[in-house]
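Residue numbers (the working numbering), protein chains in the order written: chain A, 1 to 511; chain B, 1 to 444.
Any given hint could be a false lead.
To be verified - Using 27 Å as the maximum straight-line C-alpha spacing, the simulated DSS-like pairs for lysine-lysine come out as follows:
| id | chain 1 | residue 1 | chain 2 | residue 2 |
| --- | --- | --- | --- | --- |
| 1 | B | LYS158 | A | LYS181 |
| 2 | B | LYS218 | B | LYS271 |
| 3 | A | LYS323 | B | LYS48 |
| 4 | B | LYS33 | A | LYS366 |
It is worth saying that the hints were derived from the structure and are not from the lab.
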Amino acid sequence: MNPDAQKVTGAHVTETPMQAERATTIFEKSHPGRRAAALPALDVPDRDVSELLPAGAARARGPRMPEIAEPEIVRHYNRLSRRNFDLDSGFYPLGSCTMKHNPKLHERAAALPGFSRLHPLQPAERAQGALELMWNLERSLSEICGLPHVCLQPSAGSHGELSGLLLTKAYHEDRGEHRTKVLAPDTSHGTNPASVTMAGYETVKVATNERGGVDIDDLRAKADDSVACLMLTNPNTLGLFDENIEEIASIMHGVGATLYYDGANLNAVMGVSRPGDMGFDIVHVNLHKSFTQPHGGGGPGSGPIAVSDRIAPYLPVPRIAQKDGRFELNTDEPKSIGRMRGFQGNFGVFVRSYAYICSLGAEGLKAASETAVLNANYMLAKGREGRVGKYLPVEFDRTCKHEYVLSAAPAKKELNVKALDIAKRLLDFGYHPPTIYFPLLVDEAMMIEPTETETVETLDGFIEALDKILEEAERDPEFVQNAPYTTPVRRLDEAAAARNPVVTQDLDALA
Amino acid sequence: MLDAIGVGSVDDLFNDVPDGVRLQGPLKLPAGKTEDEVYTHLAELAGKNVHADSEISFLGAGMYDHYQPAIVDSILSRSEFLTPYTPYQPEVSQGGLQVMFEYQTAIAELTGMDVSNASVYEGPSAMAAAAYLAKLETGRSRFVVSAAVNPQYRATLKTNAYGYGSSVIEVPAAEGLTDPATLAAAIDDDTAAVFLQNPNFFGAVEDLAALVEAAHAKGALVVCVADPLTLGILAPPGDFGVDICVGEGQTLGNRLDFGGPSFGFFAATQKLIRRMPGRIAGETTDADGRRGWVLTLQTREQHIRREKATSNICTSQALNALAGMIYLSWLGRAGIVEIGELMIKRTAYARETLAAVEGVELLFDAPVVREFAIKLDAPVQTVLDQLALDGINGGYPLGTDYPEHEHGLLVAITERRSRAQIDLLAERLGAAVAAARETVGAEA
Ligand SMILES: Cc1ncc(COP(=O)(O)O)c(C=O)c1O
């Protein structure tokens with residue numbers, strides 16, 4: 001717990017040293033003539049650049065990049081780094097994001113020159129180790145998802161979604177069918193409907209029943225032969241496993257639609273239940289969630305897809321193939337949808353996720369999911385009592401999977417503090433807050449995902465902090481409404497930023 | 001913990017998973033391994049690859065062997081940059097958000113565009129994202145793309161356009177350049193955007209002014225793929241009135257990594273900002289008036305607008321964009337020009353030197369910066385195989401994507417390729433071509 005959080009009691013707020021530092025950009029730190037890089041000397045005949053370029057093609061004035069020496073670059077970014085909260089520094093129960101520990105071995109392995117310095121167009125016979133790694137990862141993900149074919153190409157979850165929808169389109173068109181709609185529950189992640197639109201379909205919302213699952217009657221009413229696909233997360237974004245999954249699958253397959261699994265929540269069911277066995281045709285896996293790719297402050301990620309036999313002919317190229325113990329990249333797949341991006345995907349992410357799967361093995365992966373579910377249910381149970389239970393009740397109260405969703409609606413009504421206020425006050429206590437205001441179905445939602453790599457002491461500490469904040473709110477709601485107090489900056493004016501967007505620095509003003 | 005929950009075993013927590021969808025038995029995966037064992041296994045796999053430090057590489061065609069200064073890995077390895085999520089809580093994400101703001105500033109300045117987002121996945125999908133913006137902005141449904149645009153970019157565009165039913169028309173680049181008149185003829189009233197690359201896939205510098213004019217005359221937007229590392233010496237796309245400038249960021253301090261992760265950049269005119277995909281950091285103030293940054297214009301994005309969002313992108317490539325920003329700071333205002341000059345001069349030397357080799361000629365004459373196409377009087381693959389035995393990666397065989405250039409080879413000269421290495425390539429290339437001709441002759 002952040003010791004400063006204790007000091008802030010009541011209205012008396014002193015500025016912390018970090019707050020007292022004014023933010024300065026690297027452009028503002030520049031001085032003419034300073035530099036870091038030394039480039040190789042010219043060892044070929046000198047030429048006039050303008051002679052080597054067509055008329056009008058040369059740049060008149062060089063771009064105004066920073067002018068700063070290496071020690072100052074290091075200090076600048078080190079200083080900025082201290083203004084970030086990160087997983088290695090504290091608990092990060094950000095629902096739907098699976099902020100589990102990122103093992104340090106993975107960074108060392110990914111940096112091996114045989115991986116990090118390998119050109120993506122190196123012919124297959126000279127990239128056998130990389131292709132073997134990709135093949136092994138494909139086979140592992142295939143087993144974990146329970147579907148025979150895997151393509152590693154998509155760059156993130158939403159990219160996997162778009163790929164899956166394009167595969168669905170190609171599959172139906174190949175059968176001479178033209179379908180226009182995609183069903184998605186009202187609890188679905190925003191990327192689902194956004195991907196649907198980009199794939200040229202229309203989203204139709206499916207209602208949620210009183211158990212937090214898909215409303216089967218509503219699904220039946222909407223499922224017909226104009227529907228291409230149902231996109232589902234299971235467990236869903238409420239953290240609940242849909243007990244009717246077999247029936248849902250049979251309804252969709254009955255009308256000839258595909259079933260798409262948004263794998264953001266795979267961390268709940270590894271080695272327990274496989275999307276393929278649930279009846280899904282296409283699955284994306286967020287390697288930056290369940291498979292420990294560090295999130296990097298917003299990527300890189302990777303969103304491989306696993307598919308059934310009927311979808312396989314349409315997968316993006318290149319495809320890895322194994323022949324007589326050698327690996328090759330095939331582009332000659334006549335029914336393929338083509339390419340979702342350049343080269344073979346985010347290979348550096350594959351290295352890390354493959355290392356993770358090798359480390360844990362079959363039993364370790366299952367244990368990871370079991371522990372993630374245990375931790376979430378423990379927190380859920382602890383929070384059923386006291387102030388947390390009173391002001392932040394769980395919306396659908398049943399056994400959850402790896403995460404669960406509270407509603408701060410009573411806190412808002414009775415204490416006049418919103419989910420946002422509680423989240424901001426948690427920052428003072430040294431925690432990253434849960435995901436808030438998602439899923440949209442839950443009023444004042446707070447979505448908590450502890451992951452399997454946290455200790456019981458950490459989980460207890462977090463529940464205690466919530467309790468303390470609610471106690472503060474009982475006494476002095478305004479105090480919580482004005483949080484945070486100890487962070488590098490205090491609550492920021494997002495409305496002003498959007499009204500008058502300043503998204504680049506005015507370099508003319510610095511000259 | 002089980003007592004607190006009120007269940008007897010962890011298994012009880014999975015009672016809601018129906019038997020029919022439960023995995024019977026363990027996953028068929030190997031047992032777990034120790035850290036040492038895993039490292040040894042991965043090092044073995046890495047050892048089976050021929051990488052850019054173990055040969056002299058002239059291979060480019062989209063990713064390039066530029067020097068990555070040590071400062072990049074050093075800063076990226078800080079957990080405060082490596083391990084946070086997307087900055088949803090700006091009060092504890094000022095570091096990442098300020099990096100985005102600096103990065104957006106650098107990209108806008110490099111490309112000569114008004115605004116930039118905080119990164120997209122990588123080059124080819126960045127171009128596809130630009131196409132989607134153009135479709136939304138113009139309400140038109142056709143795309144016209146030059147055949148001199150990188151084939152992987154064109155393929156990605158086609159796959160994405162297939163989803164929303166837009167057609168993609170390719171215009172040939174006969175002399176290795178896009179011809180403004182041919183381009184103009186392909187554009188009609190339903191053309192949403194025209195796609196160009198500068199320097200193009202063959203390394204050649206296009207006549208952007210004429211091409212942009214041809215497109216704008218018919219009301220189509222212009223999307224230009226640029227290589228940021230050439231923009232120290234090339235006039236920026238923004239100066240020619242390009243509407244959207246995108247590209248691959250690998251050349252800015254990112255690893256080759258067998259193709260990723262790197263980052264895609266996405267810059268545009270001010271007019272298009274509310275349709276841009278991805279995260280954008282914006283400056284603001286906190287409750288006490290301190291300067292700070294937040295994710296802004298989020299009403300474009302999927303988490304707010306869902307099916308009406310301007311893009312589905314969520315996780316992108318923040319860490320790689322940070323690498324790009326550190327690299328640009330390292331290179332600096334003088335260095336970005338110097339590296340461009342070094343590349344263009346060495347490339348000019350390499351081009352002349354290779355063209356003087358028996359059995360080698362230039363495929364095209366147009367001016368180039370870092371990469372150029374030659375034509376071999378011998379089967380390209382045979383020559384490349386021979387060069388590989390000499391520890392040289394000779395480049396990219398153009399016949400892979402352009403059957404009409406079956407004898408073409410694309411050669412890249414980064415700042416890491418010295419004159420001595422270029423001379424060595426010329427010597428071995430000459431020998432390899434001669435040997436391959438003899439074999440072909442003998443077989444004939
Ligand atoms: C449920 C769910 N679906 C999809 C996504 C999108 O994944 P990505 O950010 O990798 O594109 C996310 C992640 O934010 C998610 O939580």
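So, going through the hints one by one against the coordinates:
1. Only pairs whose Cα atoms come within 27 Å are accepted, and B:LYS158 paired with A:LYS181 is accepted, the gap being roughly 22 Å.
2. Restraint check for B:LYS218 and B:LYS271: satisfied, since their Cα atoms lie roughly 18 Å apart, inside the 27 Å limit.
3. Simply put, A:LYS323 and B:LYS48 have alpha-carbon atoms about 17 Å apart, close enough for the 27 Å limit, and the pair holds.
4. The suggested pairing of B:LYS33 with A:LYS366 holds, with an alpha-carbon distance near 15 Å, which does not exceed 27 Å.
Of the numbered hints stated above, none is contradicted by the structure.
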